[in-house]
Each structure stands twice: as C-alpha cells, then as structure tokens.
Amino acid sequence: MNDASNRILAELLEARTGQQLPPSRRWRIGTALSGLYRELGITHLDQLIAMMAQSRDSVLAQRVVEALLNNETYFFRDRAVFDQLAQATLPELAKRRADRRHLSIWSAGCSTGQEALSLAMLFCEQESRWAGWTIDIIGTDVSRSVIEVARKGCYSPFEIQRGLGMVQMLQWFEESPDGWCASDRLKRMVRFQTHSILEPLPATSPFDLILCRNLLLYFAGENRARVYNRLAAALAPDGFLMLGAGETVIGHTEQFLPETGMVGIYSQTRAGIARRSEMRRCDTAA
Amino acid sequence: MTSCLIVDDSRVIRKVSRHILEAMGFAVDEAGNGLEAIDFCQQAMPDLILLDWNMPVMSGIEFIKLLRSTDKGDRPKVVFCTTENDAAHIRAAIQAGANEYVMKPFDRETLQIKLQLIGIA
Chain A
2 MNDASNRILA
12 ELLEARTGQQ
22 LPPSRRWRIG
32 TALSGLYREL
42 GITHLDQLIA
52 MMAQSRDSVL
62 AQRVVEALLN
72 NETYFFRDRA
82 VFDQLAQATL
92 PELAKRRADR
102 RHLSIWSAGC
112 STGQEALSLA
122 MLFCEQESRW
132 AGWTIDIIGT
142 DVSRSVIEVA
152 RKGCYSPFEI
162 QRGLGMVQML
172 QWFEESPDGW
182 CASDRLKRMV
192 RFQTHSILEP
202 LPATSPFDLI
212 LCRNLLLYFA
222 GENRARVYNR
232 LAAALAPDGF
242 LMLGAGETVI
252 GHTEQFLPET
262 GMVGIYSQTR
272 AGIARRSEMR
282 RCDTAA
Chain B
31 MTSCLIVDDS
41 RVIRKVSRHI
51 LEAMGFAVDE
61 AGNGLEAIDF
71 CQQAMPDLIL
81 LDWNMPVMSG
91 IEFIKLLRST
101 DKGDRPKVVF
111 CTTENDAAHI
121 RAAIQAGANE
131 YVMKPFDRET
141 LQIKLQLIGI
151 A
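Going down the list, the protein sequences come from chains A and B. Going by our numbering, the first sequence opens with residue 2, and the numbers climb by one from there. Going by our numbering, the second sequence opens with residue 31, and the numbers climb by one from there.
Just so you know, these hints were derived from the structure itself, not from any lab. Since we're looking at a predicted model, the values are computed, not measured. Ideal Cβ positions, reconstructed from N, Cα and C, are used throughout, including at glycine. Warning: the hint list may mix true and false statements.
[Said to hold, decoys possible] Covered stretches of chain B (chain A as the covering partner; in silico rule of three or more C-beta atoms under 8 Å from a C-beta of chain A):
(1) 110 to 119
(2) 123 to 135
(3) 139 to 145
One chain only, chain A, in its complex shape (with noise of 0.2 Å):
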C-alpha cells in the first residue's frame, strides 16, 4: 500500500464527508476496506483506486467512503452517561419543558441506531415520568447505509447483547429471522435519516438535547467549526448538547460551555446563541 493511495482515500472522505483521516489513522484502511476487496476480486489498495478512477459513476466511491468511515457503536454506550442522562439531564429539560411537554432530541452521527434506540428505552423504562409527553428522537448519519440498518432496527447476536443486559433485549427487541429486532413501541419513538452533519440542518430543530459523542474527533479545523456552527444552530438557546467522554469544547470553540455538575454536557454560551440565530437566518435564506 503506498502513500499516494491513501492519501487519494483520505481526500475523497474528507471530500465527501468532511472527516480526516490523518496518517496516525490510515493504518485501519485496510480492515476497513477488506470486505470490499473480497467482494470486487481484489488484494490491494492500487488495484481499488483504479477501478474508481475508470469508475463512470460515484457508486463506487461511496461505497468505499461507506467502509471507511468508523460506525462502531453499541447499546448503552458508556452507560454512566445513560445514568447522568436518566438521573440529571433530562429532569432538568423536564423542568424547562413543562409548559408544552415535549422534548425534542437528535442523535448527531447516528451509526445504525443504537444510541438512539438508548434513549427510547431510558423513556420508555421511566414510564411514569414521562407519561403525557411527546418524546421525538432523530438520528442522522453521512452513511446510507448505516442509516438503512438503522430504520430496520434488526441486530445480530453479537450486535444485540453489546452493552444490553438479557431483560431489557427480552423487553424491548423481538427475535425474528432478521435478528434482534426494536420493538414497535420503541420504533415510534425514533426516526432516522441521512444527512451530513457539515449540512443545514434537520427540519424539526431546535432540540432541546443534541448527543453528538464521538463524532467530532475526525473533524478539524474549519470543517470542525462548521460542525459547532451546526450544533449551535440547531440547539435551542436552553438546550443541552452531549459529547463523549475525552471529547470537550474546550479550546475548540467558545459556542459551548460545560454544564456545571453534569459531565460531558454542555450549554450554549451568548456567542453560541448568536450564532444560531445567524445560521438559522443564513439556512432560512439559502
């Protein structure tokens, strides 16, 4: 594998999805891309960038993005988040929502659902809680394909028991020839869709809570302060926005800044609002 290959792999992700894929990271390439390999016949990276470059469409190219972009999630991710969620965040936005009983939650790089599907469940088993309300959750990723896994909700073995315990996959997924698949009821509460997160925004912001864990890390420079332009601009002014663990604002942008007593959580500074306000203005017009 030589250096020109992957840095023409790099530019084609960082062009279509505005993620770097530094050298420190190219070493996963080829894992990323083996299942391709197989499919198309091929052993070796220049053998891949040349069928792209004779390539009469962007098919191929997608799907080679698709493999290369990191969609590892699973239930419950860092469940001490789920926790502080559960016990802190969302009754404070219960506090604030209890005029209109609504809460409106986007879930920023989604994969295939699982994070969203977390959340349903943390609803759905505080039941009493939220009985009355309207709870809308959406999920949105670059990737098509994660996205199509995710509206289908179906899970293998392997994919179903990472970070769910035996109850809650007994209560809230149906076993079917497809798998592991998210109850009806769960399935309600969240929709997803396609959508790059460097783009204007999903149509039923503001959100009163945005999780966007993980996701920032493969941005950097200026595509990383269009991503918190975004954030900032689809977070209502009194709304919550989530990164993950070792992710911080600090240093990145002075839109956010972090909740006292909550971790990992962060609120929109008088900048962070002022800049939603001209995003919204700016997306409005285009």
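Using the hints, position chain B against chain A.
Frame of chain A; chain B shown alone:
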C-alpha cells in the same frame, strides 16, 4: 480477589475465557461439566460462574437449578455463556436463576459490560 469458575466442556473456550477474566483481575478455576462444577462449589463457592449450556454429564441448566437449591447456592452470580441464542433459552435461564446471558461469539468488552450490569466488574 473476586473468584470465577468457568464451566464449559470445551478446553479452548475455557482457555479463552480464562485469558479474558484473568486480564480483568479474576482468580479463575475451571470445570468441564455441571457435575464437576457442583463438586467445586461444595468446596468453595465462587463469586461468579461463567456457564455453558450444552455439556456432557450435567448441562448448564441442570447445574444452575441444582446450585440454586443448595445451601449458599444463591450467592454466586451466574452468567450463561452459550451458543444457544434464542429468546426461549434466555427466558429459561432467567427462570432458573441466571443473572446474565452472553451469546457466543462475544468479545471482552461485551463480557465486561455484562459483568458491570450485575455489579461484579
């Protein structure tokens, strides 16, 4: 140190599971079937039992039913670890007193999360 008994008739599975559990800080012992496991438990009740379903001499489900009916047999956390991955088997395991259920194949992270869920990791 938290003790774990691995009950599986496959030497390979026992070896892999031992490797994972020792890396997680458990003191590990092994048994090749349910009857051997009962003998072991009568001498020293472990904190955790990782249990296969299909085994010669005494199956996993027979073992857990017997274990739960013995003195102090309610103490160990029992996690089924099996290729039987349908809902009916999981329900039967719950009914027999299992604390968690891991379907093969699994990875270290999956097992670790399951053990966290039952408060043992």
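For which of the previously enumerated hints does the structure constitute a violation, in increasing order of number?
none
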